[in-house]
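Read top to bottom, the protein sequences are chains Y and W. Under full-length UniProt numbering, the first residue of the first sequence is numbered 1, with each subsequent residue one higher. Under full-length UniProt numbering, the first residue of the second sequence is numbered 1, with each subsequent residue one higher.
Treat the hints as calculated values from the structure; they're not laboratory data. Since the structure is predicted, the reported quantities are computational estimates derived from the model, not experimental observations. Since no wrong hints were added, every one of them can be taken at face value.
If the Cβ cut is set under 7 Å, some of the chain W residues that face chain Y in the computed set are:
{"#": "1", "residue": "106"}
{"#": "2", "residue": "109"}
{"#": "3", "residue": "112"}
{"#": "4", "residue": "116"}
{"#": "5", "residue": "118"}
{"#": "6", "residue": "149"}
{"#": "7", "residue": "150"}
{"#": "8", "residue": "151"}
{"#": "9", "residue": "152"}
{"#": "10", "residue": "153"}
{"#": "11", "residue": "154"}
{"#": "12", "residue": "155"}
{"#": "13", "residue": "156"}
Where a beta carbon is used, it is the ideal one built from N, C-alpha and C, also for glycine.
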Amino acid sequence: MKFRAKIVDAACLNHFTRISNMMAKLAKTCTLRINPDKLNFILSDKVANGGVNMWCELEQENFFSEFQMEGVSAENNEIYVELTSENLSRALKTAQNARALKMKLTNKHFPCLTVSVELLSVSNSSRIVTHDIPIKVIPRKLWKDFQEPTVPDADVSIYLPVLKTMKSVVEKMKNISNHLIIEANLNGELNLKIETELVCVTTHFKDLGCPPLASESVSQDRNPEQMAEVCIDIKKLLQFLAGQQVNPTKALCNIVDKRIVHFDLLHEDVSLQYFIPALS
Amino acid sequence: MVFRDPWEQVLTSLGSNVQGTMPLLTQQIEADYDQYSLVASLDNVRNFSTILKAIHFQDHATCFATRNGIKVTVEKAKCVQANAFIQAGIFQEFMVHEESVTFRINLTVLLDCLSIFGSSPMPGTLTALRMCYQGYGYPLMLFLEEGGVVTVCKINTQEPEETLDFDFCSTNVINKIILQSEGLREAFSELDMTSEVLQITMSPDKPYFRLSTFGNAGSSHLDYPKDSDLMEAFHCNQTQINRYKISLLKPSTKALVLSCKVSIRTDNRGFLSLQYMIRNEDGQISFVEYYCCPDEVPESES
Chain Y
1 MKFRAKIVDA ACLNHFTRIS NMMAKLAKTC TLRINPDKLN FILSDKVANG
51 GVNMWCELEQ ENFFSEFQME GVSAENNEIY VELTSENLSR ALKTAQNARA
101 LKMKLTNKHF PCLTVSVELL SVSNSSRIVT HDIPIKVIPR KLWKDFQEPT
151 VPDADVSIYL PVLKTMKSVV EKMKNISNHL IIEANLNGEL NLKIETELVC
201 VTTHFKDLGC PPLASESVSQ DRNPEQMAEV CIDIKKLLQF LAGQQVNPTK
251 ALCNIVDKRI VHFDLLHEDV SLQYFIPALS
Chain W
1 MVFRDPWEQV LTSLGSNVQG TMPLLTQQIE ADYDQYSLVA SLDNVRNFST
51 ILKAIHFQDH ATCFATRNGI KVTVEKAKCV QANAFIQAGI FQEFMVHEES
101 VTFRINLTVL LDCLSIFGSS PMPGTLTALR MCYQGYGYPL MLFLEEGGVV
151 TVCKINTQEP EETLDFDFCS TNVINKIILQ SEGLREAFSE LDMTSEVLQI
201 TMSPDKPYFR LSTFGNAGSS HLDYPKDSDL MEAFHCNQTQ INRYKISLLK
251 PSTKALVLSC KVSIRTDNRG FLSLQYMIRN EDGQISFVEY YCCPDEVPES
301 ES
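Just need the whole structure built from these sequences, with the hints factored in.
Next comes the structure, spelled out in structure tokens:
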């Protein structure tokens, strides 16, 4: 099992830092999956913990100038490791204005993802800062828990409003209620609702636009006014929104009535999928 | 319930020409408003929410609306009362269909609703508010709008409770000082919180105006000279030394931080009135008032 990679381009380095910051906000620990073409950051919560799933995917060649890996075997040419996402984002904090960033798997008393940052100093001699991030290698038999989630056929698919507005609304709603109902229709309307004994609050977003649905039959039969709704844990939604520091290139919300809400985001060339199941 | 028109009292006591800054009611009122006993709308919700934050030290508040505006009252331990006065002129539209409208509401929830689009606004964006109340037993409805996004809040109202009447009458006022708030802000932020009480001395002679605390690390006294630049008015007739529980006065710091001037008055019973003048983003003025009763002094000490 081998992995070493290098980023030299400043824009790529910044982008990668942003992705790792987002991960740190979205998940305390995440699984990093490495294969010859892609890197994935994966969160797959147990149902007991809320059952949130996250799948973030980036093409290695868009980031790395050098990329070598050797999986556990020739036919399973992949590596799965678990790490504390904040450790990675903290290590990358030093990488601002760095000349290069190297990552590799090492074993220094314990398995590590070693991140070396090459910094330029005033005297023009370079300094290297190294972070050893402890990791847990995930054995082959557990890989099945970290496969790409299948995207369910949505009843309603709608573009998300400005995430900053949505975040401040959800933040205030969280002060009042633990659950939130997210509902949307094919007319481009999306509502966030909370209801408690004391107060009902509904925020209405409109004119959001809906992309054509994958399953044609559903979109043709469905009354455009009819809402599809999911009641979810407000904290999970807020965590997702708090993780979005930069506005994504594309942000889509797919709702399967009373079952799940699926957020599909594109940050330039990095895709992020976030699934929040309905509260039972 | 005794209700004296608070505006007249506050305005005269601060002696400023507030009336002149108030815009006139310009909005046309639609016919279907008849069903509401209170309708108020506002282009900038923060002109309302900021004032409410200044008295937010308890979860519940009593709202009292007349044609003149809204008074919101918060009380604690039957010893301290805070009133926020939001005059009708602050609102672009303000209608009260009955003589007066009273209800009790969860202030924490109300403030969360009012700031639903964020507490620190993006420059150039304003949140507009329309507030409607149909009367006893009905919820308070809020309609907030920012950039085409609308939030509707339905907050259940509660049985209004009798609020305390401190019977603080301007004719019984013995001593009165008006200070620029910055002068008191520093003092309040540095108060020795290990002291149980804040002792306020007001006197026509030295030390004129003194704040004292008696904490673990010893006593401290802060004197304001009569001719200080911070002192806008000084009317002290008789030396009064009164003690107030610091824990009761501390909440008034919220109002102090927002205010530009403060009027400090004590009456013949030693009751304290703190009136804060708060200027909003549009230059309009609202008032927040705190009443506090003096701490009982044990017989042996007095």
